[in-house]
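Enquirer: Generate coordinates for the entire structure from the input sequences, incorporating the hints supplied.
There are 4 protein chains.
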Amino acid sequence: MKSIRVCIVGATGFAGIELCRLVLAHPCLELVMATDRKAAGTLLSEVYPSFAGACDLELSQPESDLIAQRADVAFLAVPHTASLALAPELLARGVTVLDLSADYRLHDPAVYEAWYETPHTSPELLSQTVYGLPELNRAGLRALAARRAIGETVLVAVPGCYPTATALAATPALEAGLATGDLVISDAISGVSGAGRAPSDRTHFCRANESVQAYGVASHRHTPEMEQTLSEVAGRPISVVFTPHLAPLTRGLLATVYLEAAAGVALADVRRAYEDRYANEPLVTTLPAGEMPATASVFGTARAQVGVALDDRRRKTIVASCAIDNLGKGAASQAVQCANVILGLPETQGLVAPAPLV
Amino acid sequence: MKSIRVCIVGATGFAGIELCRLVLAHPCLELVMATDRKAAGTLLSEVYPSFAGACDLELSQPESDLIAQRADVAFLAVPHTASLALAPELLARGVTVLDLSADYRLHDPAVYEAWYETPHTSPELLSQTVYGLPELNRAGLRALAARRAIGETVLVAVPGCYPTATALAATPALEAGLATGDLVISDAISGVSGAGRAPSDRTHFCRANESVQAYGVASHRHTPEMEQTLSEVAGRPISVVFTPHLAPLTRGLLATVYLEAAAGVALADVRRAYEDRYANEPLVTTLPAGEMPATASVFGTARAQVGVALDDRRRKTIVASCAIDNLGKGAASQAVQCANVILGLPETQGLVAPAPLV
Amino acid sequence: MKSIRVCIVGATGFAGIELCRLVLAHPCLELVMATDRKAAGTLLSEVYPSFAGACDLELSQPESDLIAQRADVAFLAVPHTASLALAPELLARGVTVLDLSADYRLHDPAVYEAWYETPHTSPELLSQTVYGLPELNRAGLRALAARRAIGETVLVAVPGCYPTATALAATPALEAGLATGDLVISDAISGVSGAGRAPSDRTHFCRANESVQAYGVASHRHTPEMEQTLSEVAGRPISVVFTPHLAPLTRGLLATVYLEAAAGVALADVRRAYEDRYANEPLVTTLPAGEMPATASVFGTARAQVGVALDDRRRKTIVASCAIDNLGKGAASQAVQCANVILGLPETQGLVAPAPLV
Amino acid sequence: MKSIRVCIVGATGFAGIELCRLVLAHPCLELVMATDRKAAGTLLSEVYPSFAGACDLELSQPESDLIAQRADVAFLAVPHTASLALAPELLARGVTVLDLSADYRLHDPAVYEAWYETPHTSPELLSQTVYGLPELNRAGLRALAARRAIGETVLVAVPGCYPTATALAATPALEAGLATGDLVISDAISGVSGAGRAPSDRTHFCRANESVQAYGVASHRHTPEMEQTLSEVAGRPISVVFTPHLAPLTRGLLATVYLEAAAGVALADVRRAYEDRYANEPLVTTLPAGEMPATASVFGTARAQVGVALDDRRRKTIVASCAIDNLGKGAASQAVQCANVILGLPETQGLVAPAPLV
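Sequence lines, in order, name chains A, B, C and D.
If you want the numbering used here, it's the 1-based position in the first sequence plus 5.
If you want the numbering used here, it's the 1-based position in the second sequence plus 5.
If you want the numbering used here, it's the 1-based position in the third sequence plus 5.
If you want the numbering used here, it's the 1-based position in the fourth sequence plus 5.
Think of the hints as simulated: they come from the structure by calculation, not from any bench.
Because identical chains share one entry, a pair is satisfied inside a single copy or across any pair of copies.
Derived SDA-like pairs (lysine to any residue); straight-line CA-CA distance at most 20 Å: (1) K321 x A223; (2) K43 x P204; (3) K321 x T185; (4) K43 x A87; (5) K321 x W120; (6) K7 x G349; (7) K43 x P84; (8) K321 x Y220; (9) K321 x E265; (10) K321 x S224; (11) K43 x R207; (12) K7 x T353.
Expert: So this is what it looks like as structure tokens:
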């Protein structure tokens, strides 16, 4: 049953280790390889004691020949620029690649270069890359499944955590034409795992605990990704003003978005748009009227929960809030969800468990 | 030295106990009485073991004759409507009243009645009430000091926590004419103490921990208070779209506000406006360019910290963030700061210690 | 595949909802019924929003006829005394019962009555009850499987959280004869979910956060259960001095035990005893020398991790520490592990995923 | 009034910054200098944004000539061995030294060298050093005050955090002869600030959060300090088996100690011993029968709270628990308390505020 061989590149980062956890529990995917440049040669369970007793895999170097030899599918849980080097090598060797870095998310290499301040060295891959947000782009992923079936190259750019939550919060209003204007404000709060595994002043328990703080105001690199997605959804250019915050939780991300409501829009219209949009989405739930999502409800899961309200006093504003797990629907489980589609498996396989927080 | 006698009404709520803590440490205020309807007759330290060894006061009933007999100044740390009954009685008996409830914050009783869904039973007091946000209204408080000196009635409406942080974040931009339009979006995050001391599902550790969640969207009662203050500051009607969130911290409140920037405004203009506005404010600090405030920096203190940025891409937006302690500058220490002004004491007396978190 | 029908009685308590989560994810168990006296008639997902989108079960009343009609197996996640009434009714109707309350854990009804201060109304069931700690009592559970196969009554008393961790920490030393004397000190720390779902001062976020505190010193009801188990393991009467603490985590339990080492015992002896004892246990891991377990490593899992050291200075003392999830191996997953054995399923089915914390 | 000039050496560590906070708020001590080797030349408020607006001191190099020139008193908040170099230089220049490192706590340099694995380079100072736990050694500190008054050298070794809490928990039982035998077990839990300010895997929020874990079992360097103190208190050699744990709080330390009760001891005897012992101690409170201390009750304070129980079943054991703030009574405030005594100030000056957590 565990018939598809998987390699996790960058397995010791937080998204990487979450991928390991999901693949271990997945009925059809087999974790055959996990890489980490620095920790190669040691056991995964030495880096993450939570894997002691559950997994005895030894970490390897991320060499493309070796990966191609051992694995059918590679998840790249690496920082930006690392995938620019690795993805072309793996694709050339026939490996299906799901890239969790930012390297292939932006269609326009000039935008990438402006925001990431580094040249894009494989722009030729961008046209064939599929942006892996299944709820917005399932057709694209299914087309990839078909291409894979006939032996073609398959590269998925798995979205960022903030863009995922912002897109899920804003899409129903934009698609249904309920929001006017060209501005979406996204005010988001992330758990500390979003800041990565590297120890620093900012991630020290004693600085992160009992504190919330904005960062990267007006400059966060997820901004152009959100603008690209929301502009496609709206069918017109959308500007995003984006403010991320860190809060003292390990996992979880909440994006609250503000959109100017079109004239005449009533709460019932808004609610209907959201309920209809996600009625058939197995991993996205629109909460009942009056309820807003809590990140704890999706902790450790592949799910998103969305709530929406309308401030219909003087300046009509749609306020929608989306909760995801930044390492789940914001990274690892979204990658597995994409992989399921591409591999012809049930889309939610291995991804349905409810949250272990309450 | 401890020459001014103080009664805390509602001493066992979170704002009440913080007032007790501040008054105990204050060089000129003496805590002579603390009331709680339910716990009267027991020691304060039985309700709050942190006071064991530090204070042996017994809780009393909040009877106005008794309060007037024992105390010069009363802080009312009670829910709305409770002050409607008590404040007039205390004022009639010559007690100086600082009311932390919402009962006297709104100038227009009709607005109060619409949002709080209860009649305002002492509207005649509203015209003489001073809104106690010293950084915006120091002159009003000083006038009250003069009135008190000649034996007149003194009533201060201490602002709400969200309105305080929102006002401090938005005021410099509005006063300096850098923000255009009539809309301020305030997206705020509060620690759980903001939800009060009553145990509930929402305040249970296991539900609040590892979770952030919006609540009261488009309906929170602090909204008209913010609109009243910001409209006065701007000199034109301002609408506020307000979304509060709860995050897993005990104390702390961060308000991030969004204002449309006027044409031609540059970051330097914005920074100058904020730096100048708070240059002489002892308890409000504008952080250097590029830095945004963390709630931990003001935990347990009377201080506010403000950071500001400009998103000057397509849709110019001023983004300002203000961190306060919701029980400090958002409630108890702001009340003491007002009391200091009214009583002719140095405004920051007993209020200068830096935060015990880092 | 989902062929065994399960009812969770007391589904809205913390152990109950964890059982729901595990059963939903289990390949062979089907959640057909979940009960709650107060919330009957509402959806489980209304009480636990984390189940929205994952489970649309409506809560029922815990009526034994109905349970027997719908389910093959019932997990009783109820307070003590509630099972005294319900278990006999269910057993009489042929339902296999796994009781997570304390009602059938103590072999001697007089001990139960002394510590729980209530009469034991079905002492006749005690002799056939199996204490469900598989690592200590797998044979007993397998015998139950055989009895079930021929239609006999099956009742498992699932151990308490503290007794489980204490037993797993102390057993290897006692079994191997490395500990002398008749005293085991167990100093344990639990997450707040151990205090139950009822909101109270003690479980309020603002009181539990940033605090650790001992409670129930020298009087906790898990004490006789530990003494019963450790005495059986040691083959002689063991006294337990037990101090539980609450710490600011949602889930997790750590028991650190102290045993007087027999003369001549060396660290190598101790390590060998622990490594050998758990070498073939799929859900219990002995950590390498020098490492002690962290509760985060078993958060949300069915696993236990054990570390051991020897203080071999003047007063030789074995110090062993066991980490479990109080709702997992300390309650719900242990119950499922027992059910797997009794039902003839692989013992760890549905229970192998590593922790989603790191 | 602020007449005594103070230098904090190592001001950017957690104990150092807490000293800065306490000295800033102290009516008689003036913070004239704060040092940090690496951060010298920058503002203290650049390292700790919580000091922005409250203190504009620039960090200096820890040069003894400069310190002697500017300050009357130096607090050394440095790692062990750093004080070995600095303390003699400062004493030779007439500076009163309160050393928070471990360098002068142990009377016997051989014990120091065995546990700290480094030579003690100024053993000649040990005989004149006073161990600064005022509740145990007030006479010694007063003698130092007298020596200082006539211009003699003054060196205080401020106790470690675990030894302070363990000593306060065990002392009344040992002094009153209620405990028999030669073994004290101390099982302690510390907040993460106890692990220091250096970022590491262990102090990363995502590893520390939702986790408790023992460390340094049977090998922690505070062990000989505890044995030295408890042996002096008991008047006979006492062995300590000590297990520290980390828990997810920023500040706070709880030590729960176990002592074998002498024959015939009753709970009333134990309670009387504890109540009498601390009846006149302004900063140590014995809680009423049945209550155990919570670290939140002493968060950010100079206080200790103690609770005690007797397990009087088969193996009579005294169980006592002491809560302190590891950075307060466990470090900085204890140093200030000692300084107050030595400088002839009221012992609790600047140290009486109750905790800002509840």
